[in-house]
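Residue numbers (the working numbering), protein chains in the order written: chain A, 1 to 160; chain B, 1 to 582.
Calculated from the structure, these hints are not laboratory results. Among the hints, erroneous ones may be present.
The calculated label-pair distances, taken between Cβ atoms and stated as ranges, are [said to hold, decoys possible]:
#1 Pro73(A) - Gly497(B): 14 to 24 Å
#2 Gly449(B) - Pro73(A): 16 to 26 Å
#3 Gly497(B) - Gly12(A): 49 to 59 Å
#4 Gly449(B) - Thr78(A): 17 to 27 Å
#5 Asn109(A) - Asp243(B): 44 to 54 Å
#6 Leu72(A) - Ala571(B): 53 to 63 Å
#7 Thr78(A) - Pro255(B): 33 to 43 Å
Quantities reported herein were computed from a predicted structural model and do not represent experimental measurements. Where a beta carbon is used, it is the ideal one built from N, C-alpha and C, also for glycine.
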Amino acid sequence: MSQDNAIASLAGKYLTFALADEEYGVPVLKVREIIKVMDITAVPKMPPHVRGVINLRGKVIPVVDLRTKFDLPSVEFTDQTCIIVVEVEMQGRKVMLGAIVDCVLEVLNITAEEIDPRPDFGERLDTGYMLGVAKVRGRVEILLDLDRVLADGSLITKAA
Amino acid sequence: MSQTPDTAESEVTRDVEALGTDAELANMFVAEALDHLSTIEATLLKLEETPDDRELLNDVFRPFHTVKGNAGALGVMTVQALAHKVESLLDRCRSGQHVLGPAEVDLILRSVDLLSAMINDLAARVAGQPGRILRDERIALIAEVEGLLSGTTGTTGTAGMAGAVEAPRAEERRATGDRRLEERRADAQTSIKVDTRKLDGLIDCVGELVILQSLVYEDPALLRVADERLTRNLAQLRRITTDLQRSAMAMRMVPIRQTFQKMARLVRDLSKSTGKQVELQMSGEDTELDRKVVEDINDPLMHMVRNSIDHGIESAEKRAAAGKTETGRLALRAFHQGGNIVIEVADDGAGLNTAAILRKAQSQGLVEPGATIDPAEIHHLIFAPGFSTADQVTEISGRGVGMDVVRRNIEALRGRIDIETAQGSGTTFAIRLPLTLAILEGLLVRAGGERFVIPTFSVRESLRPAASQIHTVRGVPRLIQVREELLPLVQMSDVLGVAAPDVSATEGTVVVLEDGNRRVALVVEALIGKQEVVVKSLGDAMAGIEGVAGGAILGDGRIGLILDAHGIVRAGGAQGTARAAA
């Protein structure tokens with residue numbers, strides 16, 4: 001019963017994007033904007049998936065490479081590569097971050113019927129970052145829990 | 001009067017509800033009440049010196065009356081009750097029925113503290129945060145006031161004397177009172193209260209405008225257009241934008257007066273608790289600094305004032321024995337100097353004991369025995385972490401503040417502290433801070449294929465060394481000789497983990513960075529130039545990277561990391577600098 005409720009609460013609009021051959025979706029309400037990938041200034045002593053920072057109209061925001069985060073091989077940026085600027089919750093505070101994706105697909109309205117609970121691969125794969133899996137028009141979208149993916153603490157370095 | 005006695009919870013809940021009905025009204029009440037309480041405190045300290053000053057007494061009564069009235073009007077009854085009680089005491093003093101003595105002043109000061117605490121507590125609760133229960137303190141204080149009023153305690157008997165002294169100077173005091181009233185009215189007309197969030201929003205916007213204007217002005221496409229009118233308009237646009245930026249920055253500036261006044265209260269309390277006679281002199285209270293700096297400088301200043309009184313200024317007997325005036329002097333000075341603001345805390349006490357500091361540092365292993373260190377460096381050792389002992393730490397709102405925290409706070413503001421001391425005559429701490437934190441003058445350098453900004457404030461010099469100046473240690477270039485000093489040679493890869501290959505010091509450029517008294521030589525590929533950049537925080541996600549102080553938006557809109565001299569010196573340098581043999 002409660003699993004059905006959990007699934008029902010996942011229904012809604014998602015922005016979908018591609019990483020390698022996989023498709024992912026994030027809740028549209030968390031997306032602030034989408035920009036073409038731009039010059040990223042590297043910041044030292046950051047975990048490997050943190051590419052650096054960019055200047056978004058006067059605000060400095062960190063940028064994360066999702067391919068690296070998901071252990072996918074890195075590729076050169078193409079003219080499809082985008083940065084999705086999202087707002088996540090990190091240690092109780094709202095933080096803006098950018099995530100590099102291969103290309104942005106579309107906004108899908110995903111219903112509860114189309115969503116399956118996240119699969120259990122046992123210990124082989126940590127699926128804590130998935131909200132669930134959706135099957136829409138023959139395609140599989142992995143629904144991401146952005147707060148878990150991006151704000152899992154690896155971004156925060158301890159003060160020296 | 002309600003029939004059933006309120007519980008602590010129910011009365012607070014009622015007040016929070018009353019305050020929470022209209023957010024804007026609540027904010028105004030809180031801000032104004034705290035403002036009034038601050039004025040009351042300052043006036044009370046003056047009144048303590050001249051207790052028969054009728055005008056000052058009125059100046060204390062009036063704001064109390066206002067706070068009581070406002071609280072009552074909004075339905076914040078806990079605040080109203082206490083304010084009302086103290087107001088009646090002041091009223092009796094005003095009409096000559098009660099003498100304002102030291103017990104009364106002390107009580108009113110404590111009520112100011114409690115009222116501030118209560119108002120802040122209510123504001124926090126309205127914002128959804130947990131609060132404290134201050135009911136017992138309030139009831140106790142009200143009982144004390146009643147005790148004084150009924151004559152069972154307090155100052156009596158000198159009423160006659162006070163009356164006699166007053167008569168001849170009444171005219172003069174009324175004149176000063178009137179004049180002060182005029183000044184205050186004039187002041188009130190020329191300032192308004194603005195929500196700081198709106199102000200910050202405006203300033204952020206102006207900051208972005210400046211950057212965008214710069215991008216347009218330097219746009220290569222526009223530079224190719226040779227139109228006289230366009231050039232003129234662009235120049236005009238640039239001028240107006242610069243003016244706008246200066247105005248926006250100026251709006252963040254507040255006078256240091258309130259901070260100094262907090263110190264006045266601290267000095268009074270410390271003087272009483274240590275039994276030492278201390279006279280506080282303040283100058284430059286009108287000096288303005290950035291609002292954030294004022295907030296951050298409060299704790300360091302408090303600790304330094306306490307330090308001066310605890311350890312600097314001697315007891316009256318010791319001073320008399322040394323031929324000094326029995327009353328010690330503590331001076332707080334603020335002034336602008338060369339693009340910085342300088343705040344001095346100066347005492348005419350015992351001065352720093354250089355030998356004792358050196359001994360302590362050696363015993364803690366901070367200094368190698370037998371190393372030559374000049375006195376200035378020895379004095380700076382008091383800022384070393386761990387140097388302050390527990391009994392030298394000040395408790396400020398539950399946080400331990402020692403000299404190392406003071407130094408760190410000041411460095412976080414891109415400032416530094418200099419010490420001037422003479423054994424027997426006293427010590428002066430001079431804090432130097434930049435006027436604004438939002439803009440930084442930096443040296444732009446290229447290293448590892450990226451551009452970095454080094455605050456010119458931390459740069460001592462830059463040079464292209466000759467091979468003869470470089471010395472190796474076990475085959476690796478590690479030291480550079482600059483005049484008589486041997487400095488550690490630091491590569492960007494050492495400090496930042498920058499992956500680019502090391503640049504040979506003779507092929508690149510060496511920048512000598514300075515942090516306090518320590519210096520290191522950083523090797524970079526090339527100097528690009530000097531530039532004023534807008535400083536942006538990298539955000540919480542990236543705070544705490546040693547060697548990086550933030551991000552700067554460069555002229556072309558891209559970001560250059562700002563290097564932190566303190567971090568680099570610590571990571572790459574050795575303790576102190578070794579002097580090469582002559």
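Query raised in the report: Which of the listed hints are broken here?
Result: 3, 6 and 7
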